[in-house]
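Protein chains: 2
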Amino acid sequence: MEPGDAARLGPGRAARALPPRLLLLPLLPLLLGRGLRAAASASSGAAAEDSSAMEELATEKEAEESHRQDSVSLLTFILLLTLTILTIWLFKHRRVRFLHETGLAMIYGLIVGVILRYGTPASSGHDKSLSCTQEDRAFSTLLVNVSGKFFEYTLKGEISPGKINSVEQNDMLRKVTFDPEVFFNILLPPIIFHAGYSLKKRHFFRNLGSILAYAFLGTAVSCFIIGNLMYGVARLMRTVGQLSDKFYYTDCLFFGAIISATDPVTVLAIFNELHADVDLYALLFGESVLNDAVAIVLSSSIVAYQPAGLNTHAFDAAAFFKSVGIFLGIFSGSFTMGAVTGVVTALVTKFTKLHCFPLLETALFFLMSWSTFLLAEACGFTGVVAVLFCGITQAHYTYNNLSVESRSRTKQLFEVLHFLAENFIFSYMGLALFTFQKHVFSPVFIIGAFVAIFLGRAAHIYPLSFFLNLGRRHKIGWNFQHMMMFSGLRGAMAFALAIRDTASYARQMMFTTTLLIVFFTVWIIGGGTTPMLSWLNIRVGVDPDQDPPPNNDSFQVLQGDGPDSARGNRTKQESAWLFRLWYSFDHNYLKPILTHSGPPLTTTLPAWCGLLARCLTSPQVYDNQEPLREEDSDFILTEGELTLTYGDSTVTANGSSGSHTASTSLEGSRRTKSSSEEVLDRALGIGDQPVSSRGTRLVFPLEDNA
Amino acid sequence: MEPGDAARLGPGRAARALPPRLLLLPLLPLLLGRGLRAAASASSGAAAEDSSAMEELATEKEAEESHRQDSVSLLTFILLLTLTILTIWLFKHRRVRFLHETGLAMIYGLIVGVILRYGTPASSGHDKSLSCTQEDRAFSTLLVNVSGKFFEYTLKGEISPGKINSVEQNDMLRKVTFDPEVFFNILLPPIIFHAGYSLKKRHFFRNLGSILAYAFLGTAVSCFIIGNLMYGVARLMRTVGQLSDKFYYTDCLFFGAIISATDPVTVLAIFNELHADVDLYALLFGESVLNDAVAIVLSSSIVAYQPAGLNTHAFDAAAFFKSVGIFLGIFSGSFTMGAVTGVVTALVTKFTKLHCFPLLETALFFLMSWSTFLLAEACGFTGVVAVLFCGITQAHYTYNNLSVESRSRTKQLFEVLHFLAENFIFSYMGLALFTFQKHVFSPVFIIGAFVAIFLGRAAHIYPLSFFLNLGRRHKIGWNFQHMMMFSGLRGAMAFALAIRDTASYARQMMFTTTLLIVFFTVWIIGGGTTPMLSWLNIRVGVDPDQDPPPNNDSFQVLQGDGPDSARGNRTKQESAWLFRLWYSFDHNYLKPILTHSGPPLTTTLPAWCGLLARCLTSPQVYDNQEPLREEDSDFILTEGELTLTYGDSTVTANGSSGSHTASTSLEGSRRTKSSSEEVLDRALGIGDQPVSSRGTRLVFPLEDNA
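If you're matching them up, the sequences are chains A and B in order.
Position 78 of the first sequence, counted from 1, bears residue number 74 in the numbering used here, the numbering being contiguous throughout.
Position 147 of the second sequence, counted from 1, bears residue number 143 in the numbering used here, the numbering being contiguous throughout.
Everything labelled a hint here was simulated from the structure, so no lab data went into it.
It is possible that some hints are incorrect.
Intra- or inter-copy, both count: the list cannot distinguish identical chains.
Using 30 angstroms as the maximum straight-line C-alpha spacing, the simulated DSSO-like pairs for lysine-lysine come out as follows [stated by the list, open to error]:
#1 Lys57 / Lys318
#2 Lys407 / Lys346
#3 Lys349 / Lys88
#4 Lys349 / Lys407
#5 Lys242 / Lys57
#6 Lys88 / Lys346
#7 Lys197 / Lys88
#8 Lys242 / Lys318
#9 Lys197 / Lys471
#10 Lys434 / Lys242
#11 Lys57 / Lys197
#12 Lys171 / Lys434
From just these sequences and the hints, can you work out the full model?
Below, the structure is given as structure tokens:
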């Protein structure tokens, strides 16, 4: 047993080898609050019978002091957020657009970080610790016998031996340093869920192919290019003697993955405010939402790439395919989890009359959405990714079943959570630049990274857009491409991925670089968006529910615009077939099963399913009296061999969150494929004559296979 | 160093000596989720360079397994809540009233508890732990050297030496056992804040005197009587040999304090549904809200009562007054914290135009309300109590400044949080009956406790009501008294106080007894409320905005109805004076300063404050065009030497949360004291003629002192 002075370390350093969940202390104990006071005195009451009360009193005082500091540090963040809210109100009030709330949160964070760093005493001596030697392996729990009394300790993490004596003892700095897993498990889920839940579905689905291409292929391309460029930079640094520790190729690829998660939050906020082009909005927003998921899974797949033996430089085909398998497995598993809970929620809200009690309905919605996260985690998938797809499913199906009050309640609930979490992360970023204790500033690496993300973004946007334009009827213009290139901001996801593991030298350098990239992109690009929009001649002031100029681009998605178009190994026909299959399946079966809209299942299912169809079809579908409302309608018809059967359903197309309802009349009649575009345009178009027409049915050859 | 098999204990047992914040692991790590998977593999990537990877792999697997179990156990609770929501919908749908959602949550919790207890394998061997001996005192951090590598451990708590070897190893049971502080720091605050925020203020303030008397005096009486009766029971038990461990007089008083916190949630739900008498509702609700605060502070004061020396039986005047001092200090401190943050929020929302941005406004409101809790904790007061008064202040002032959207947003946000937290606690209670591992069932004690709470409630309600009726013009009838007697349910607060410290034998017995009392009262009384209402002839179907039958009882509160009336050491005059002072001060100064309503400060403040008055008075007050809305108006005029100056203000009296607005016309003129009752009745009465009359001013002799 040898007493050391190493005490508790900042999580960044301790996060090395493991149990992230055991590390979790920081956030909640803070939320915590409620008195140590009473508890400590309560325990002292019980302990009065024991001797050595003095000793306990000292420990109590220490704990109480620590609890107080926790409260103070959380108060610091609340103060920061409050300041941000007030300042951003002032900016909005005065129509200042060059600084977004996230940028502002970072600035305030920076200021407080500087104060904490240089304004508080550097050391506090009252934290004592003890080191004792253990020959065996590390256990998760330790029982310590102190002069006859037993104390229980839990494992917090490993500490590099070399760093034990170089620990800085600033209490306040340590207090404001959260466990990195907090970001992943508490702050990101509401942000990501909100993104999925608030997707403007019509425009999203219309551009789905392009969005998928940008998100999957684009992120992979970007990751690979950035990774390789950074490997070059790392070799250069080693040559000139700037690199003091190991930096493997997988580290570079990992950096490529985390930095490929774009987050154009400031750009989108300005788009929203100025009502910029909706298709560009959909492309940017959809890409950023999905590429977060891709980046998470990609980064963990890259980490899982461990060639046999210790030669991490050589290419190992087995390990590579294992990584690809992990990527596909985690991604599809998480997707399934999210979709399944979304579907279950839709079924529950459809078949109960819960909508009479908005409070119950909202609570159920919240619980089910949260359970997605836990379910995915319990099954070993990625909760954040599952939550994203759950959000999309909830918006697509469940949202239609909710009562009007619950719709606004759920939207508002997640909007507030998202707002708070996002601004918290950004102000934490500002703070971390000064309070994080293991920054590795390497100018060469940072400059290299800026060049690499620029080139990576360029190699991602321009070639992909070129290939996509081959298939799109409504081309992605140069100005859109430049705007997408410009909007490659990095934000909360890149930060959360980077801070997650800051144990090694390479990871610390990546973290510092990521932080600087986030700062730069949020401030500079956020400020430059409005000038850039006018410079690129992108139209603003567009009604989000309106279609782009009359060039029949509603069908762009069907013109070979799938994720495969870039690879060109499938024909347009196949791609269109895939989407038609999905949309007809969704419209004929999923929507009628999961919501109160669409054609009755009795007309779409084969005759022998009659009983089942009658059970699953909601009475409202048959009921002419009650008009069917299908918000955010997004069914897309295709130029193909399909026949549309119009019964008497009301189609209510609504692009934005229920604020602006555009209804169309479908005067039930049969139309042939040649007129389907026209029908769709009217179905998705504007016009305020809600008409009761029911039983829209898509009939085409594929139906029998479904 | 001696290897032991004691491993991690259930929090109940470990909660003895200390750091509750260090104990916090359970909840958030659960919320947590996000993969150990990726994190573990990420860390393994970094660790590839190290040797002994096998060892780490094993620990990783263990951590991953543990994380998975966390997710599963939290999923269990979500499933429970979902089931509760669905069943309660069914009940509401079929208008079943004999079982409230909280009762149902307990039943489901019980069932799952039984399954977990008897359906899962009793032991899992893979948790290893190690005990090492330490001669010194316990440190909060431990550094352990395992074959050259250093691991950091944090203190979890002390373990009684006798219990080290009797630890049950059921993983699942341990996983579903939360840290007791979670209840106090995460689940109670939203419940309590919601209670304060949703007070029906008009009826609350009209009965304020009686409510304060019931809450303060009543709770003290009840605590004292229950404590003494239980001390008798304990002595009896010792005589017959049923008591196997120590049980002091302070333990009995402590039990009296925790069990005196009533929570008539099921009764109030039925009152709400049936629109039962509003004054009775206000009395019950107000009492239960305030007596929670009283019970918390009382219990910690009792614990702080430690006579000098070790003779805990003798009465020690110094210790007693110290306890009283602590009670007053904590209570007033917490009250001040809550009121101050509420006032700050009101000022911020008044002087900014945040109401144009409901999202920012709601976020600010949430942050400020949360900061109350942290502020109180940081200053050593009680966060939960502060949050209650913050809620009341927010409802009284800030609410009037919010935009219409923010009003519903904030109400709904806290309604959902309250609903989830409350049902979570109740389902946890059901679960705890079987999963909590240290129950002490003592039939004598339990029967004694039931008798004691019955007698305590009776000694609290009937005598107090008698004294209050001496002063009240609108008497509290026998049927109301019986109903209040009957509504003495115990709920979340009693449970949270009881589970907080279950280290000693006495506390374990109290916990078990409290649990059974909660079960019994929630089920039996919840089921019996509807019959009891009709049996006692309490009128139902009352419009909450309507006054009771026309017997001029609007002034009941002023008839010596203060907290002092029971003691009778002040004259009616004094008591009325106190309330008049407050109401005129509130109406003339606080409301105009903090909200957009009330008379302009330029008319109420002395002339030399002119500049200040002009700064603080919002333009809306002068602006006749924009009608002033003062929701939940509650100013109460008195029979006294006061003069009312009517300018041209619009008074909008609204009893319920903005759903039903009753406006009155005050045709500006001077009235003498004799007609003030009539004016008030009209001000609070119903009638839908909103009239623009401004500048109501209360002028009476006291004004110069204010």
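Each hint, compared with the structure:
| no. | hint | in the structure |
| --- | --- | --- |
| 1 | Lys57 / Lys318 | between (52 angstroms within a copy, 19 angstroms between copies) |
| 2 | Lys407 / Lys346 | both (19 angstroms within a copy, 26 angstroms between copies) |
| 3 | Lys349 / Lys88 | between (41 angstroms within a copy, 10 angstroms between copies) |
| 4 | Lys349 / Lys407 | both (20 angstroms within a copy, 23 angstroms between copies) |
| 5 | Lys242 / Lys57 | between (44 angstroms within a copy, 27 angstroms between copies) |
| 6 | Lys88 / Lys346 | between (40 angstroms within a copy, 17 angstroms between copies) |
| 7 | Lys197 / Lys88 | within (27 angstroms within a copy, 35 angstroms between copies) |
| 8 | Lys242 / Lys318 | within (24 angstroms within a copy, 62 angstroms between copies) |
| 9 | Lys197 / Lys471 | within (20 angstroms within a copy, 61 angstroms between copies) |
| 10 | Lys434 / Lys242 | within (16 angstroms within a copy, 52 angstroms between copies) |
| 11 | Lys57 / Lys197 | neither (55 angstroms within a copy, 40 angstroms between copies) |
| 12 | Lys171 / Lys434 | within (15 angstroms within a copy, 35 angstroms between copies) |
Of the hints listed earlier, the one the structure fails to meet is number 11.
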